[in-house]
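Asks: For reference, the chains in residue letters:
There are 4 protein chains.
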Amino acid sequence: MDSNSRQIKQHNSRIKRGGEMEDKLLIKIALEAREKSYSPYSKFKVGAAVYTKSGKVFTGCNIESASYSPTICAERVAFTKCISEGYKDIEKIAVVGSDVKISFPCGVCRQFMVEFGEDIKVICAKSIDSYEIYTVKELLPHSFGPEDLQ
Amino acid sequence: MDSNSRQIKQHNSRIKRGGEMEDKLLIKIALEAREKSYSPYSKFKVGAAVYTKSGKVFTGCNIESASYSPTICAERVAFTKCISEGYKDIEKIAVVGSDVKISFPCGVCRQFMVEFGEDIKVICAKSIDSYEIYTVKELLPHSFGPEDLQ
Amino acid sequence: MDSNSRQIKQHNSRIKRGGEMEDKLLIKIALEAREKSYSPYSKFKVGAAVYTKSGKVFTGCNIESASYSPTICAERVAFTKCISEGYKDIEKIAVVGSDVKISFPCGVCRQFMVEFGEDIKVICAKSIDSYEIYTVKELLPHSFGPEDLQ
Amino acid sequence: MDSNSRQIKQHNSRIKRGGEMEDKLLIKIALEAREKSYSPYSKFKVGAAVYTKSGKVFTGCNIESASYSPTICAERVAFTKCISEGYKDIEKIAVVGSDVKISFPCGVCRQFMVEFGEDIKVICAKSIDSYEIYTVKELLPHSFGPEDLQ
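Which chain is which? The protein sequence lines are A, B, C and D, in order.
Just so you know, we're using my numbering here: the first sequence kicks off at 1 and counts up by one.
Just so you know, we're using my numbering here: the second sequence kicks off at 1 and counts up by one.
Just so you know, we're using my numbering here: the third sequence kicks off at 1 and counts up by one.
Just so you know, we're using my numbering here: the fourth sequence kicks off at 1 and counts up by one.
It is possible that some hints are incorrect.
[Said to hold, decoys possible] Each computed DSBU-like pair below joins lysine-lysine, with the alpha-carbon atoms no more than 30 Å apart:
1) A:121 with D:45
2) D:9 with D:24
3) A:137 with A:88
4) A:137 with B:45
5) C:121 with D:101
If you are wondering where the hints come from, they were derived from the structure by calculation, not from laboratory data.
Start from the sequences and build out the full structure, keeping to the hints where you can.
Replies: This is the structure we're talking about:
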């Protein structure tokens with residue numbers, strides 16, 4: 001088990017599952033992940049941390065490309081890590097960019113997230129003490145999802 | 001002036017600007033644009049039609065790519081046509097995919113649209129007689145927009 | 001017929017089809033299209049012009065998005081315009097960005113282009129007098145194409 | 001240290017660094033990673049494995065989206081994992097999709113890779129015994145890279 005998952009597990013033995021402390025800890029992990037950001041073009045660093053129902057944590061940061069469109073946001077990096085390791089049971093994700101303003105996922109990330117569940121909680125944060133929580137469904141109402149292609 | 005813009009202008013000389021007939025006509029134009037869809041992978045044809053405040057109409061269809069991620073949806077095709085011709089005053093867009101279900105833009109398109117105004121009206125249609133209208137803001141609440149990078 | 005197509009037609013009545021003058025004219029049209037660029041983030045303006053075997057011209061410019069990944073390059077704007085108007089017989093495309101250096105299409109655009117033919121000529125330009133010509137196949141060797149999904 | 005990195009390290013204590021056995025082992029790891037593929041739309045599973053100069057291994061699989069354009073290929077998943085964990089010293093990547101034909105990265109992935117070095121080796125494989133090796137530069141000649149935006 002990696003250290004982030006262990007850290008949340010230890011917290012959770014003392015605090016209630018799914019509570020406020022868990023959300024704050026996930027923001028803290030996203031803040032640390034933000035340090036790895038590769039963003040030479042926008043200079044805008046973003047970090048994210050996914051928490052699965054099975055108790056695993058996966059982190060991400062934004063990674064930019066000179067030609068812009070291949071750029072992958074922090075949220076999608078965290079999601080792809082999680083899914084490619086075999087975990088599709090995503091419960092929530094914390095995202096934090098600017099220190100002066102709450103960061104919300106872009107539409108590309110919302111679309112990517114909805115593929116894995118519109119009830120996933122998105123913790124949109126500025127800091128450990130300043131954040132708002134929405135479901136993917138609230139951030140992408142009337143979504144175009146997997147069922148639309150059938 | 002192209003024939004689509006002329007068609008709407010003629011209608012508008014008789015009907016009230018911004019009214020229901022205008023929306024239905026825009027859906028009709030989107031339905032025609034859908035025929036040009038290049039969608040050999042999903043077999044899901046989508047059409048779109050943009051209407052600018054200055055009275056111009058631009059159409060689009062979805063264009064897919066074998067490697068999936070370069071795929072461009074109908075809405076973005078219509079938007080890029082409009083903007084690359086020098087028109088940024090987009091008032092509304094109609095989009096229509098399936099004949100059995102109302103189609104909504106994906107998150108990528110919503111993000112692309114918000115760049116040009118969160119008050120743009122999105123006419124999500126199944127047919128000329130079955131559609132729902134939302135603003136971009138309603139479809140992408142708490143958006144990550146141009147001001148977030150400053 | 002739009003004015004760009006007419007301009008090339010007129011030239012072509014005097015000059016040989018597919019010759020150097022035609023390429024230079026296509027670069028000139030791409031340079032004009034570049035003026036419409038929406039690139040507030042990179043400040044890097046790019047223009048493109050597609051010429052079809054049937055003699056039609058379609059232009060494009062790059063259109064950026066605050067969240068970077070929805071950004072669409074000039075080449076893809078020109079291609080989608082062309083295809084969504086019903087023309088898939090693309091013969092060549094001219095692209096021009098910087099005035100101090102020849103511009104080449106990014107990998108996303110090369111992948112988008114190969115969908116419509118690896119023999120399409122790409123005129124990579126700095127100005128009317130400074131350019132290099134490659135086929136899509138030369139710019140994207142060993143491509144992943146439509147046949148790979150079968 | 002994760003088990004994949006350890007596996008290569010153990011091999012490398014016996015075999016020469018950078019040799020054929022190392023490449024075959026990387027293909028084997030990519031084949032295992034392929035199993036995690038989320039590809040309900042194309043049904044085309046792809047796996048990838050990155051090896052850094054510092055001896056770390058990161059894997060990826062393709063993860064698709066119903067709206068196609070947010071789809072992220074196996075190569076980009078492996079790259080983003082690696083970079084977001086703080087490793088930018090990528091030496092090589094193995095990619096394997098179909099069992100009947102060698103798989104090559106798409107143009108989007110080539111563009112994403114070039115950001116981190118045009119000398120990175122790309123092992124394009126069908127199986128452990130059938131593969132070809134190219135540099136990113138060979139797969140994306142005349143690339144549009146970081147220096148073009150300056």
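Asks: Which earlier hints turn out false for this structure, listed by number in ascending order?
Replies: Per hint list: zero violations.
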